[in-house]
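4 protein chains.
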Amino acid sequence: MIVVMRTGSTEEDVRRIEEHLHERGLNAQLNQGVERTVLGVLGEIYEDLKDELELMQGVGEVFRISKPYKLASREFKNEDTVVHIGKDRVPIGGGHFTVFAGPCAVESEEQTVTTAIAVKKAGANVLRGGAFKPRSSPYSFRGLFEDGLKILKTASEESGLPIITEVMSPRDVELVGRYADVLQIGARNMQNFSLLDEVGLTDIPVMVKRGMSATYEDWILAAEYVMASGNQQVILTERGIRTFETYTRNTLDLNAIPAVRSLSHLPIVADPSHGTGKWHMVTPLAMAAAAVGADGLIIEVHPNPDVARCDGAQSLTFENFAALMDSVTAIRATMNGPQGRPDASGL
Amino acid sequence: MIVVMRTGSTEEDVRRIEEHLHERGLNAQLNQGVERTVLGVLGEIYEDLKDELELMQGVGEVFRISKPYKLASREFKNEDTVVHIGKDRVPIGGGHFTVFAGPCAVESEEQTVTTAIAVKKAGANVLRGGAFKPRSSPYSFRGLFEDGLKILKTASEESGLPIITEVMSPRDVELVGRYADVLQIGARNMQNFSLLDEVGLTDIPVMVKRGMSATYEDWILAAEYVMASGNQQVILTERGIRTFETYTRNTLDLNAIPAVRSLSHLPIVADPSHGTGKWHMVTPLAMAAAAVGADGLIIEVHPNPDVARCDGAQSLTFENFAALMDSVTAIRATMNGPQGRPDASGL
Amino acid sequence: MIVVMRTGSTEEDVRRIEEHLHERGLNAQLNQGVERTVLGVLGEIYEDLKDELELMQGVGEVFRISKPYKLASREFKNEDTVVHIGKDRVPIGGGHFTVFAGPCAVESEEQTVTTAIAVKKAGANVLRGGAFKPRSSPYSFRGLFEDGLKILKTASEESGLPIITEVMSPRDVELVGRYADVLQIGARNMQNFSLLDEVGLTDIPVMVKRGMSATYEDWILAAEYVMASGNQQVILTERGIRTFETYTRNTLDLNAIPAVRSLSHLPIVADPSHGTGKWHMVTPLAMAAAAVGADGLIIEVHPNPDVARCDGAQSLTFENFAALMDSVTAIRATMNGPQGRPDASGL
Amino acid sequence: MIVVMRTGSTEEDVRRIEEHLHERGLNAQLNQGVERTVLGVLGEIYEDLKDELELMQGVGEVFRISKPYKLASREFKNEDTVVHIGKDRVPIGGGHFTVFAGPCAVESEEQTVTTAIAVKKAGANVLRGGAFKPRSSPYSFRGLFEDGLKILKTASEESGLPIITEVMSPRDVELVGRYADVLQIGARNMQNFSLLDEVGLTDIPVMVKRGMSATYEDWILAAEYVMASGNQQVILTERGIRTFETYTRNTLDLNAIPAVRSLSHLPIVADPSHGTGKWHMVTPLAMAAAAVGADGLIIEVHPNPDVARCDGAQSLTFENFAALMDSVTAIRATMNGPQGRPDASGL
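Protein chains in written order, with the working numbering: chain W, 1 to 347; chain X, 1001 to 1347; chain P, 2001 to 2347; chain F, 3001 to 3347.
No wet-lab data here; the hints were simulated from the structure. Wrong hints could be hidden among the right ones.
Cβ-Cβ distance ranges computed for the label pairs, FRET-style [unchecked claim]:
(1) Ala-3313/F - Glu-2054/P: 31 to 39 Å
(2) Thr-7/W - Ser-3140/F: 29 to 37 Å
(3) Lys-121/W - Arg-3015/F: 56 to 64 Å
(4) Ala-3313/F - Met-2056/P: 35 to 43 Å
(5) Glu-1319/X - Thr-7/W: 29 to 37 Å
(6) Gly-43/W - Ser-2066/P: 32 to 40 Å
(7) Asn-1027/X - Ser-2108/P: 21 to 29 Å
(8) Glu-54/W - Ser-3140/F: 20 to 28 Å
(9) Gly-25/W - Ala-3313/F: 23 to 31 Å
No residue lacks a Cβ here, since even glycine has one placed at the ideal position from N, Cα and C.
Construct the complete structure from the given sequences, taking the supplied hints into account.
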């Protein structure tokens, strides 16, 4: 349920409503937009609540949100959310275009630092790299754990890029959170609700990758878990779904970008590396993602993909990554909508 | 099996090989490329054939094609195929960008002619429109049949655009072929092999739309049917696959564009109208298709989508179509590869 | 729209309603059930029609069918349809259990006749065998065409079994219809609407196999095409859908049996040969199909699967087919519902 | 890598091999089968290892396992695994048929105890019930947590049935493990590798439900995680995959039963409640699961499905569950293979 405040309503009005809700075991989430102030009501809504609220001072309108997600919905918050990453507050969303790049896995300091410097030089904004790796087989390389986090920290200092890295367990959130500027929830953990709850308790931005068989609704609901737990800084990432096609590792679903944008105010990024699983398809799909209106990209880059300990087949060399950035930048420059986004649709 | 001729081989050498093959119940398909002359051998290959051919005059190399499709493969023919449409020989493939646009179904002369003129003005190259409509329900509007073809002809004359229209039955190929400049095979008929055989006997270009659950291999094999039947003028169209996602009508699979391009020399077009089923998503996905390297687009346009007899929800108004063309043109202008295609991949 | 006649209504009442409809450009399909007489109204329903019909003599109730299919729906016809096959009128549906068995493709008279005799001895009711074969590749064996049909005829005479065989093109319906007791529409042609229309004009029973990505609704609508064209003798066959799983050729969807039974009165058969693509899985899935309430099975059997010209990997030997029949018969004997169908569901 | 010991080899031979492996940083998992003793080698295999091991005393044969999973494979262990549940050591696998039944969620003591007694009376072997519930929306009922576990304990004591219940987080494994006789890993957590590792450290049997888009290989690898972590008591559960079909909640894939049985020695159970999402389809699919050779069933039962706090639409009443058990028992009685399993396949 949403309470839209009247123009001219006061902070005191809002406070009284919050108090009214708390007394009834409900929570309120405030969204102070440019044009309107909105309160989202969370918890078990009872029959008379709408009537009660409509009679309170400062209240303009009270209505139910039609979607199962509330805080993540455009109905609750119409303006694009801009998430800020790291101490330099690198923005993502709201017309900015933000590129996360780096190796699949942190293998060594040299590999990570050289990659960080190379992707920074080519124009990337955030360094990615896995220290805790989810692998289908228990016998595959599962990461360097805290040693990997330390290497990422060094690479961050050397390059000036903030860090995104995956966290796989609620127990590791505190540890990973000490190093990471963005906590990544992997596709396989998209419905690991304990983990979503836990990262929601931090104040670190969270990237929620779409599960392999998650509908748009499932995916936004996963973001809603983080938000309902208290953390509104969520980035969504399309990384390919599982279909019958086996030529590609997954099927990158670029329809998701305009579809989810119309449903949610959260920034949406595309991952053509996992989305295709083939390095020679990464650049064309990155270009397509820019053209379809994504808020950014996340790309796997490795100094020598042939010897990478994971995902070598989909990793770009430094040279190819630089070429990708040029192509993407050229496309972004043509985007004619407000904030460099396609607007021809008249949505 | 493929016979690559030696540099300096003669037409007489080729003729002798063809004769040798015919005597053994086999067929040959000649591809006279810029750099090399290649003969594709069709039919049941027997053990000694390779040895026999390697000994013949003018033969450079003989090898098996590793893919189940032969004539459609890059191994057989490395250069992009350029298909020419209609009496003005509108090109598609090989770096050209070709837009097919028009109503889902031909409803009336006025609707079709005004649409033809509008899409032509906005920059479309070919008029689309259905006279024979495949509909999931037998009770839906199934088209105007020959009356519809006649209307298309009028619209073609008024606008100067050649026509693409669907043919659904081998029995109708002759009739539809009298009007159409491109014969369209719909997604539901992609494995209607009798129909593929039949259109392969004509000399009219054929568009093969990808079936809803067709792998890239299935789809190229459908093109191979047409080619094996004698018609090499085939265009492939990605129009969305069926996945678990229900928000969109289908899931437009843009990965198909670079993937199929690496496997086949045939031109590949994207259909964001059927691929998404929602008009407000058509322009962003059209832009993405241009950026990913498609050879063209096929777009549903209607003077008044709200009253369209089919697919109104995914049809663009004239105004929105013109805006789409502007956005797509701007993106095409940035494409830095040879022939305006992404080349950063280093494929 | 459905018109349910009042108890005690006369044939004259029905005739007058039909006349009323015809005068308005509509068609009527009569279903004379045990408990009630129902008229299905086909065509474009106009606003006042319901009122007009309710006032006519003999009419009990008039209501719209909520599903897009009409004639195939349980709402129109509550009793199970029993289709009768061949001159001996082998029944299928309504509690009978009917087994179609034979080779994927007719290869020779000996192969077909010995198989026919073997499957008949093991308890099969209908001989299957392909003379026109839909193959993904144009270079695969595509059948013996009319020679194959003649062989089937011989095998039918030798074994006493009626024949089911596939027809792939509207042009072949007359030819195949001269030999076949059931016309099979393959999965790839499930939405070949010209073909569905054409077989609907015959009085030969039609088996409609489910398309690889057809929903239950799509599939029943394909049957509706045949029925709307005039032929009510339709059998549905579940033969596996396309999913992400690659271990099996397709994913046999046994959920379809009780689901479609609740939606339609038509008999439903399972095809575990295509559904799994692995011979060692055919018998367990056939047993499951019997247990879930299928009206029958269609099974590929070959004298020597290792040398079969198509689908050898999924074909059973005579011995294994006989063992399958024993296992299935034992399960059928335990079925405790009316007509040997599971009824514990209380549906 | 697998070391098959020679007949007549001694425990001392095995001990020496284990020592050899430990010194090289590798682990060994012993499988003392009826016919042969096998050692699975876990860790990074180096080039000369095979030669070294083949020369050691008592060693018969050394070979690599072709599948990515080792301990779970039939190659490592040919005999069916029988898992024993609870203090009464209820067996599952190896020819036993074991039924898990109970409510989706524990709602109250009365609801849980009455259900436990009812399902026990009807023949169920294990009580199921969720205290920690994974829900797509954060606003849905998420369980009674430890209070729910206590209620399950009471219901277990009253009914004499052991308990299966879900654990969602590594942090909760200790707590849930104090109450549960089987730890359930839900479909959404199938690739929550931290959780798999953690339950692998306990000595409580673990049920691994198949993920919505998990291939057979992914699924067996999830079991391998638990086994590689030290716990060999794993049960697999097929609960439906996500496909394009929307009539059912999921698509129960009964092909999985014979397929996975041929690949792994672990017991496999079917969950027709989640697999279909519709109560009227549960019994037919349960019958099919029994017929296809499942080692058991897991069924949702509720005293009053209409008021259930979760999954009411797929829950059976006590009466319908009793009828299901009768139908399933009748089918099981006909199974003619060794250990009541289909054997006609000659696998």
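Report task. Hint says 20 to 28 Å; check whether the CB-CB distance for Glu-54/W and Ser-3140/F agrees. Result -> The hinted range 20 to 28 Å holds for Glu-54/W and Ser-3140/F, with Cβ atoms some 27 Å apart.
Requested in this report: May I ask you to test the hint 29 to 37 Å on the CB atoms belonging to Thr-7/W and Ser-3140/F?
Outcome: holds (35 Å)
Report task. Note whether the CB distance of Gly-43/W and Ser-2066/P lies within 32 to 40 Å or breaks it. Result -> At roughly 36 Å between Cβ atoms, Ser-2066/P and Gly-43/W fall inside 32 to 40 Å, so the hint holds.
Report task. Please test the hint of 29 to 37 Å on the beta carbon pair from Glu-1319/X and Thr-7/W. Result -> Holds - the Cβ-Cβ distance for Glu-1319/X and Thr-7/W, about 34 Å, lies within 29 to 37 Å.
Query - Verdict for Gly-25/W, Ala-3313/F (Cβ pair) under range 23 to 31 Å - result: Since the Cβ atoms of Gly-25/W and Ala-3313/F sit about 28 Å apart, the hinted range of 23 to 31 Å holds.
**Report entry** Assessment of proposed distance window 31 to 39 Å (beta carbons of Ala-3313/F, Glu-2054/P)
**Finding:** holds (35 Å)
Query - Consistency of beta-carbon spacing, Arg-3015/F to Lys-121/W, with hint 56 to 64 Å - result: Given range 56 to 64 Å: holds, Cβ gap about 57 Å.
Query - Assessment of proposed distance window 35 to 43 Å (beta carbons of Ala-3313/F, Met-2056/P) - result: Distance hint for Ala-3313/F, Met-2056/P holds at roughly 40 Å.
Query raised in the report: Do the Cβ positions of Asn-1027/X and Ser-2108/P conform to the proposed distance bound of 21 to 29 Å?
Result: Hint holds: Cβ distance 26 Å, inside 21 to 29 Å.
Of the numbered hints listed earlier, not one is contradicted by the structure.
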